[in-house]
Amino acid sequence: MITFERVSKIYPGTNIPAIDNVRFEVPEGEICVIIGPSGCGKTTLMRMINRLIPITSGVISIKGQNVSEMDVIKLRRSIGYAIQQIGLFPHMTVYDNIATVPRLLKWDKQRIAARVDELLSLVGLEPDIFRFRYPRELSGGQAQRIGVVRALATDPPVMLMDEPFGAIDPINREVLQDEFLRIQEKVKKTIIFVTHDIHEAIKMGDKIALLETGRLVQYDTPEGLLVNPKNRFVKDFVGADRALKRLDLLKVKDAMMQNPVHCHMEDDAEVVSQHMLENELTFLLVADQNEKLHGYVNHYELKGHHGKVKDLVRPMTITVKPEQNLKDALSKMLSYDIGIVVVVDDDGKLLGVLNTRTLLSVVGETYDERGGVWGKITSRGRI
Amino acid sequence: MEIWHFITQNWRELITLFGEHAYIVGIAIIIAIFTGVPIGIWISFNKKAAEIVLYIAGIIMTVPSIALFGIMIPVLSIFGHGIGSVPAVVALVLYAQLPIIRNTYAAIKNVNPNIIDAGVGMGMTRSQVLLKVQLPMALSIIFAGVRVAVVMSIGIGAIAAYIGAGGLGHYIFMGINQTYDAMIKVGAISVAIMAIGVDYIFGLIENRLVSKGLRLS
Ligand SMILES: Nc1ncnc2c1ncn2[C@@H]1O[C@H](COP(=O)(O)OP(=O)(O)OP(=O)(O)O)[C@@H](O)[C@H]1O
Ligand SMILES: [Mg+2]
Chain A
0 MITFERVSKI YPGTNIPAID NVRFEVPEGE ICVIIGPSGC GKTTLMRMIN RLIPITSGVI
60 SIKGQNVSEM DVIKLRRSIG YAIQQIGLFP HMTVYDNIAT VPRLLKWDKQ RIAARVDELL
120 SLVGLEPDIF RFRYPRELSG GQAQRIGVVR ALATDPPVML MDEPFGAIDP INREVLQDEF
180 LRIQEKVKKT IIFVTHDIHE AIKMGDKIAL LETGRLVQYD TPEGLLVNPK NRFVKDFVGA
240 DRALKRLDLL KVKDAMMQNP VHCHMEDDAE VVSQHMLENE LTFLLVADQN EKLHGYVNHY
300 ELKGHHGKVK DLVRPMTITV KPEQNLKDAL SKMLSYDIGI VVVVDDDGKL LGVLNTRTLL
360 SVVGETYDER GGVWGKITSR GRI
Chain B
0 MEIWHFITQN WRELITLFGE HAYIVGIAII IAIFTGVPIG IWISFNKKAA EIVLYIAGII
60 MTVPSIALFG IMIPVLSIFG HGIGSVPAVV ALVLYAQLPI IRNTYAAIKN VNPNIIDAGV
120 GMGMTRSQVL LKVQLPMALS IIFAGVRVAV VMSIGIGAIA AYIGAGGLGH YIFMGINQTY
180 DAMIKVGAIS VAIMAIGVDY IFGLIENRLV SKGLRLS
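Chains as they are written, first to last, in numbering that gives the first Met the number 0: chain A, 0 to 382; chain B, 0 to 216.
Please keep in mind that the hints were generated in silico from the structure rather than gathered at the bench.
Source: prediction; values computed, not measured.
Just so it is clear, CB atoms sit at the ideal spot from N, CA and C, and this is done for glycine as well.
Careful: at least some of the hints might be erroneous.
[Said to hold, decoys possible] Partial chain A-side listing against chain B, Cβ under 7 Å, derived: (1) Ile-72; (2) Tyr-80; (3) Thr-99; (4) Val-100.
[What the hints assert, rightly or not] Using 25 Å as the maximum straight-line C-alpha spacing, the simulated SDA-like pairs for lysine to any residue come out as follows: (5) Lys-105/A - Ile-114/B; (6) Lys-73/A - Lys-131/B; (7) Lys-131/B - Val-71/A; (8) Lys-131/B - Ala-98/A; (9) Lys-185/A - Glu-27/A; (10) Lys-211/B - Tyr-94/A; (11) Lys-108/B - Arg-135/A.
With the rest of the complex left out, here is chain B (with noise of 0.2 Å):
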């Protein structure tokens, strides 16, 4: 009922915050995928770039969020944008890239030899065995690092206000400072409601892309 009160009072800021939260996970998300997708596709051709690629995505994935967002401040103020939503978003799309690029050679690689055999053996090219044979067979698993990435970066986006780029963690980290209650739970739960809603939106989205073949019966 606390919970309820709050809302009642702080819809306006409520919206705001959200839309924040929002704004810097999509265009972190969207930055993420137009790279992440692209690298991905690229080291399953090169075996060398694989290796070094994998190896430091999946340091930066070690470093605990909310050091990364602090690394962010004294690396982008020589930039002039060492707070504020900046420094989230570029922090939120490294964290972002490993799934993806991990899922996208993953699933490049999965692609069966025998299928992209009967490919090039009818004369496709090479960017056509790639545009209409490995990554439309790819897309599912694509697609499932794609929704790891976003609902993670719904969950690390909170941090972002700790580095004053506003959204949803601006409700969790004032509401810890205050001891107030009714104000963290509102925040948490609206960071839980985004996550699974987008997670929701982009399943149906996969549903229409992925080809009906792949799917098990």
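If we strip away everything but chain A, and leave its shape as in the complex, we get (with noise of 0.2 Å):
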């Protein structure tokens, strides 16, 4: 969708280039992150699709259109572009903000109303409460969602972003890195997201472009840069934790046991009893029918009852859902000091569990950089 072939930049009264002999392709409806240190060219290379840069020498094209062909207010009329907060003109209501590409564009009013009011809705802004706002009084998070959303109002097939949740704290930069997968979820744009955190490429990117001094040192999935960084430089730069940082990309379905071992509502107390007596088990798992969780027994209460395992089943409160990544259930189980937690999905439904064992070996396969395993270590001390 956008390739960038023999891409070389070289700033007037430089010699060194900015970006030197870059070449990739971007397929459609994926995000495709830059990253690298700071200077490495990231903003550099971005800007020159929507030729706020000219390019020196290469081609950069978009659906096999070359971009230096084309006029280049069209072009960059027909790119969403959100840069940090700041961009934001703030002499302009939200409203006025959002509808700046539909107006350049000639859309009629009701129609631009329209969209303002559907863009506002999709990032859960209230579009009655701040239509007329001005950015100073928006909040960061706020004012971001704005800023992307007015990239997103004439509906592009291709947006850049440069840093665009950069101005915003950890916390608040989760939930609207969340919110805008959810949105391209739906939207299937072909994005270039730059950002310098690693984390957030990681988390974002279908590919990751890793930049060095203006060259193209990798260009992978996320899950290719961890796994098979390719040199020292990639190594380091996505970190020694990068183990742990696969923790991010894998979902709990990937690490949970399936099928767990549980027993009915309806069931016999004395049977149920009985099998855990046998199986050395304390808890018990407990659904329904539908297999829809309950909650579990224990065993100690459960023994000696007359009846059914229902009169005697406690609620599970804390699950987590199968699409969830593993950071968020392993954050889970440590802030609730659990050792296991249960996977159900929307309905409630049974689905299997997730321990701190299966967890870690799952992030594990890839860990020991010598390749192999150190097969079963006992408490045996000294041999």
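Combine both chains into one complex, guided by the hints.
Rendered as structure tokens:
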């Protein structure tokens, strides 16, 4: 969709290229994160796409069309452009800000009004409250959302985003990232996303382009970058804790133990109790006929009870969803001090369990740099 | 009381002089705005021109006003307008330029480059960036320059009477010649009232024109 062919940029008055012979291709509908140390040329590379910076040599094309041959104003109007919060026009209301490109493209009033409302709702901002506010009357996060939907206003197929969440504190940044990924699920734009935050890159990117002083060092999926760093520089850049970073990438469903042992509400307490005794189970999950999770029972209470399991079932308050990432699951387990967490779907159906051991083993698959496995380690002390 | 007496005796003349004064200053300010603002915009795109223009305007400001009026007489008498309201208006326009040009230039230059970048990046043409982004954002500083120019011109306009342009300066000069205290005071107070009143009106206009989004909370 967007292709870079031997793209170079030498700023006038300098002799070291800011971008040096870069070639790669961003497929349609994907987020490509451009990352690298400060001054490596991220902004330069991005701004050559909409020709805010003239290219020195090479070709950048969108859908096979060389951008240098397109009308520059038309080109820019066809590309969503979002920069840090400061890029909102302070003298315009939220409405006018979002309406900027639609107006340049001469949309009629009704269409603009409907679109503005639609976009505000998309990012969870009540149109009646926010429509006529000025940027200074918004929080940082709200301003950032407006910046993003302004870029989406005319539904352009391509978007350029230069550190769009850069000015936001880490907690709100996570929220905005999640929200943006949800939107991207629906709109499927081809996005060039500049950041210097490796976490953000791993989370947001379908592909990551890692630059070092103007050269493209590795262009890969986040997984590829973490598992197969091409050289020392990449390894250092993604960080020594790259195994931990994989927790961001992997989903609960990738690591959970499926079809965990459980009983049903209507089961006889004595039978279940006997089974638990034989299998050394202290606790047991309880579901109903539809496999919907209802909670758990403990053996201590169950033994000697005459009746159904459902008389003694206790609710299970802490669960995770299969689509959550492992980092969220682990942090839930750590903050509630539990060694096991149950996985249920949106309807509460029991899908599996996740414990610290399964979780770490998934991460550990690629973790040992020597490539070997330690084998079983016991607690027998010195051999 | 003496002042009050003077006013009741001469109110027709006072109104005439007030009108002349407002007329001269008004014409001068309108011309100054319609030349100063475009010049200020133009030099904000042209560094070399900026240096030269601001330098010249600075020099004009340092010429004492009474001398400037004096200079106007021989220069404009070539065109047959040596004395009267024409040289007065020309001199006032020259004076009013500096604050207007300087503020326009500074205001346009001061617009955050990131915001301009956003406009250009979204596909605004150069003139759209100027009209939709730079000027609206620069407006309050431009207004501040215009208000300085207006107040200054009303004050300096009093000197125009010296070269026969009329206006409230007439009372001041005549009063001084005749050591007529009340006449001086009426002239001076009227000038002050006009300055304060016009500045207030410009303040109201500014409030209407400058976006609420730019006002500090
Ligand atoms: N207008 C310019 N003239 C000359 N050199 C420039 C210009 N703009 C950028 N550079 C240089 O080009 C290189 C790349 O700059 P660029 O802004 O693309 O870096 P970046 O990766 O976006 O950095 P950061 O993470 O700090 O934003 C830097 O060495 C910078 O000094
Ligand atoms: Mg940058």
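Each hint, compared with the structure:
1. Ile-72: This interface hint holds because 5 Å falls under the 7 Å limit.
2. Tyr-80: Holds, because the Cβ-Cβ distance from Tyr-80/A to chain B comes to roughly 4 Å (cut-off 7 Å).
3. Thr-99: holds, 6 Å
4. Val-100: holds, 5 Å
5. Lys-105/A - Ile-114/B: With Cα atoms ~22 Å apart, Lys-105/A and Ile-114/B stay inside 25 Å; holds.
6. Lys-73/A - Lys-131/B: At roughly 18 Å apart (the allowed maximum being 25 Å), Lys-131/B and Lys-73/A satisfy the hint.
7. Lys-131/B - Val-71/A: holds, 19 Å
8. Lys-131/B - Ala-98/A: holds, 12 Å
9. Lys-185/A - Glu-27/A: Roughly 14 Å between the alpha carbons, so the hint for Lys-185/A and Glu-27/A holds.
10. Lys-211/B - Tyr-94/A: Holds, at roughly 14 Å.
11. Lys-108/B - Arg-135/A: holds, 21 Å
Against the hints set out earlier in the document, no violation occurs for any number.
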